[in-house]
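Peer 1: This is what each chain is made of:
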Amino acid sequence: MELLSGADMLIRSLEDEGVEYIYGYPGGAALHIYDALFRQDKVKHILVRHEQAAVHMADGYARATGKPGTVLVTSGPGATNTITGIATAFMDSIPMVVLCGQVMTHLIGEDAFQETDMIGVSRPVVKHNMSVRHPSEIPEIIRKAYYIASTGRPGPVVVDIPKDMTTPNERYEYHFPAKVKLRSYNPVVRGHAGQIKKAVDMLLAAKRPMIYAGGGVILGKASDQLRELVQMLGYPITNTLMGIGCYPATDKQHLGWLGMHGTYESNMAMHHADLILAIGARFDDRVTNATEKFCPGARIIHIDIDPASISKTIEADVPIVGPVDSVLKEMISLVKEAKAKPDAGALAAWWKQIDEWRAFHGMRYQTSDDVIKPQEVVEAVWRITQGDAFVTSDVGQHQMFAAQYYKFDKPNRWINSGGLGTMGFGLPAAMGIKLNFPEEEVVCFTGEGSIQMNIQELSTCKQYNLPVKIVNLNNQALGMVKQWQDMNYEARHSQSYMESLPDFIKLAEAYGHVGIRIDRKEDLEPKLREAFAMKDKLVFLDIYVDRFEHVYPMQVPRGAMKDMWLSKTERV
Amino acid sequence: MRRIISVLLENEPGALSRVVGLFSQRNYNIETLTVAPTEDPTLSRLTVTTTGSDKVIEQITKQLNKLIEVVKLVDLTEGAHIERELMLIKLKATGAQRAEIKRTVDIFRGQIVDVTSAIYTVQLVGDSDKLDAFIQAVGTGGVLEVVRSGVSGIARGEKVLSL
Ligand SMILES: Cc1ncc(C[n+]2csc(CCOP(=O)(O)OP(=O)(O)O)c2C)c(N)n1
Ligand SMILES: [Mg+2]
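If you read the protein sequences in the order shown, they are chains A and B. The opening position of the first sequence corresponds to residue 1 in my numbering, with each subsequent residue numbered one higher. The opening position of the second sequence corresponds to residue 573 in my numbering, with each subsequent residue numbered one higher.
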């Protein structure tokens, strides 16, 4: 058996785990590890400009592929800089392993230089975290970290590695375990058969059924099963912001997404449904609005891998704990075998009602002759990329417009920070995707506020040649904040203006990229086409859009699903 | 509703802070908490008493179960169980009080475990209500110090919480 130092074992374990790229930033406590990286060429390291971006890069990769991303940083400030990224991944259940240097064991607790209790600091925002206490443990800890991160309900795992665990001249036998078992961690592999049967009976008996799918369908790689079930039943489907792409948006059974800025028809159909089948979704507050007014006539079937997500905010009538793909497969075969068929008459009436709702609003917005509307930018990008790009987003109005007007027909293509709502996520996430899918179009929708939270990564893009397209919907304001102030604070715009914006064109050029400004409506389509034709260039599109636009529909605070503003003047 | 949740936990550094952290992070309330290793040195037994609606208690047990280091848990209050708490209490004991306290201690089946000319230190075991009742009986005026262990509990009958 081979003798390796802890640092070499760490890198070898990553290789054995199948890790191709790690995203990181070096520093004192991680230097042995960085030296081990230098002496091999299997595991490639991407040097970011801020550790938060390393985490978002790993996250973007994980969201696009379903595989865990990997981050390597030093102790202290390196580790604390990852926290926002880790929390972002945690809220959206994204698999990821974050390797953090730590001061030497004998210095822990002495307020040593660059010492931070990363286990303590990260605890509330990780699925699990572990410290290395002996170098020989490293292969097993790494195996466990990836196993925990990627099974059950996925999530980030932090591994804290004191510097003396990676000392070059202390060598131990290297053995990478083929399997790990934890007596206290056994994710469910199947749903309860009796519950599934009950759910199918209820589904087939429903008069006004509604299928509500979430990010769990994408994480659980169950889009095919979902499509099969939904099309077999002919029922309407909506999904959450995180579930976008789990069912083709251009299909007629799809009503768009639901919740605070969901479509009128989705929210109406939810409110009036008599049965809701929730799949890998968690009834969060941005979906349900006031829980006590939520869908008064609906019985609820809830499928989720995480029992704690069931009946947390909304009580389920039929809870099913299990992986969504296997549960859906079982449901499909039960529906096929069942003698009962959906009530065709009731379903036709239900669809008629839904089509009326659709016709009433159907995601309309007011266009204008002279200003560019943010929605039309998104629609143009959708056309130009044939609806097939990987689209990342930052957080704000632009995020909602992107999610509303880019029609995703495939899962894993809409990449946004849904749970935490992290401004600064979009660009690094796009980079992580472009690096791993160099042939694919990767677009980042952002705002002039959000982009400045990780703008330094334009430099990383230069170093590794990551020609993403950045679409800055520049409304010269922290638009979403301003919208809330317009609606709830009598338009007192406290700190929501971005004065002294940089010249983004010069900025892009300073980093070695191409910048294009668009401020006239007639230039929109041709200049976008020009930008997207530059396949091997990062293009920063600074697009001046209507500064006064609001995102609609918007649910009325503390109302029911059906209570919405449809424009600045229409409330239902 | 008051509940007693008993947890088998991996006996590892950091495991306890994860449990405690979960309670504060999710705004659950901890009334008492006890923890010590079991006959199997790789496992600790932790008992927490908490209050909350059925919905909150369900979330607490589900969230606890999600912690990787939680091996098993049971809500003892769901079935017949025995609960005990130990209290050490220092009481002012001079003059006529001495005999009076001694009598009260006997009634509660406690023991005087340390004596000075002015002080009795009393040890008492029972469920939490009994300890509360004792404090009431001796009157808070004479109480100098109270140390309570927090609740430990075990199911009655054949039920065991083990691997
Ligand atoms: C890190 C972080 N800080 C603050 C917020 C609160 N917030 C949500 S949207 C928003 C405004 C975003 O402005 P911009 O990026 O320009 O997008 P716009 O809404 O104008 O499209 C802010 C400040 C946040 N989500 N993330
Ligand atoms: Mg803006």
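Hints are not guaranteed to be accurate.
Using 30 Å as the maximum straight-line C-alpha spacing, the simulated DSBU-like pairs for lysine-lysine come out as follows [unchecked claim]: (1) A:K179 - B:K638; (2) A:K181 - B:K634; (3) B:K634 - A:K221; (4) B:K638 - A:K197.
Residues from chain A that keep clear of chain B, each with C-beta distances beyond 12 Å, as calculated [claimed, not checked]: (5) N129; (6) G155; (7) L182; (8) G297; (9) S311; (10) T313; (11) E337; (12) D355; (13) D369; (14) K410; (15) E509; (16) F532; (17) D546; (18) R547.
To be clear, the hints were calculated from the coordinates, so they are not data collected in a lab. None of the values given here were measured: they were computed from a predicted structure. All C-beta atoms, glycine included, are put in the ideal place defined by N, C-alpha and C.
Peer 1: May I ask you to check that G155 (chain A) keeps its beta-carbon over 12 Å from the closest beta-carbon of chain B?
Peer 2: 10 Å, violated
Peer 1: Test the statement that E509 (chain A) is away from the interface with chain B: the closest C-beta pair must be farther apart than 12 Å.
Peer 2: 46 Å, holds
Peer 1: Would you check the hint for K634 (chain B) and K221 (chain A), treating anything up to 30 Å between C-alpha atoms as holding?
Peer 2: 24 Å, holds
Peer 1: Compute the least Cβ-Cβ separation between L182 (chain A) and chain B, then decide whether it is above 12 Å.
Peer 2: 7 Å, violated
Peer 1: For E337 (chain A), which was marked as not at the interface, is the minimum beta-carbon distance to chain B over 12 Å?
Peer 2: E337 (chain A) is indeed farther than 12 Å from all Cβ atoms of chain B, at 33 Å.
Peer 1: Would the non-interface assignment of D355 (chain A) survive a Cβ cutoff of 12 Å against chain B?
Peer 2: 38 Å, holds
Peer 1: Regarding the pair K179 (chain A) and K638 (chain B), is the alpha-carbon distance no greater than 30 Å?
Peer 2: Answer holds: K179 (chain A) to K638 (chain B) is near 21 Å, not above 30 Å.
Peer 1: So F532 (chain A) supposedly isn't at the interface. Is its beta-carbon more than 12 Å from every beta-carbon in chain B?
Peer 2: 44 Å, holds
Peer 1: Is the claim that R547 (chain A) lies outside the interface with chain B correct, judged by CB distances over 12 Å?
Peer 2: 39 Å, holds
Peer 1: Measure nothing beyond the straight line between the CA atoms of K638 (chain B) and K197 (chain A); if it is 30 Å or shorter, mark the hint as holding.
Peer 2: Between K638 (chain B) and K197 (chain A) the Cα gap is close to 27 Å, so the pair holds against 30 Å.
Peer 1: Please verify that the nearest CB of chain B lies beyond 12 Å from N129 (chain A)'s CB.
Peer 2: Violated, because the least Cβ-Cβ distance between N129 (chain A) and chain B comes to about 8 Å, which does not exceed 12 Å.
Peer 1: With 12 Å as the threshold, tell me whether G297 (chain A) passes as away from chain B on beta-carbon distances.
Peer 2: 22 Å, holds
In terms of the numbered hints stated before, the structure departs from hints 5, 6, 7, 9 and 10, listed from lowest to highest.
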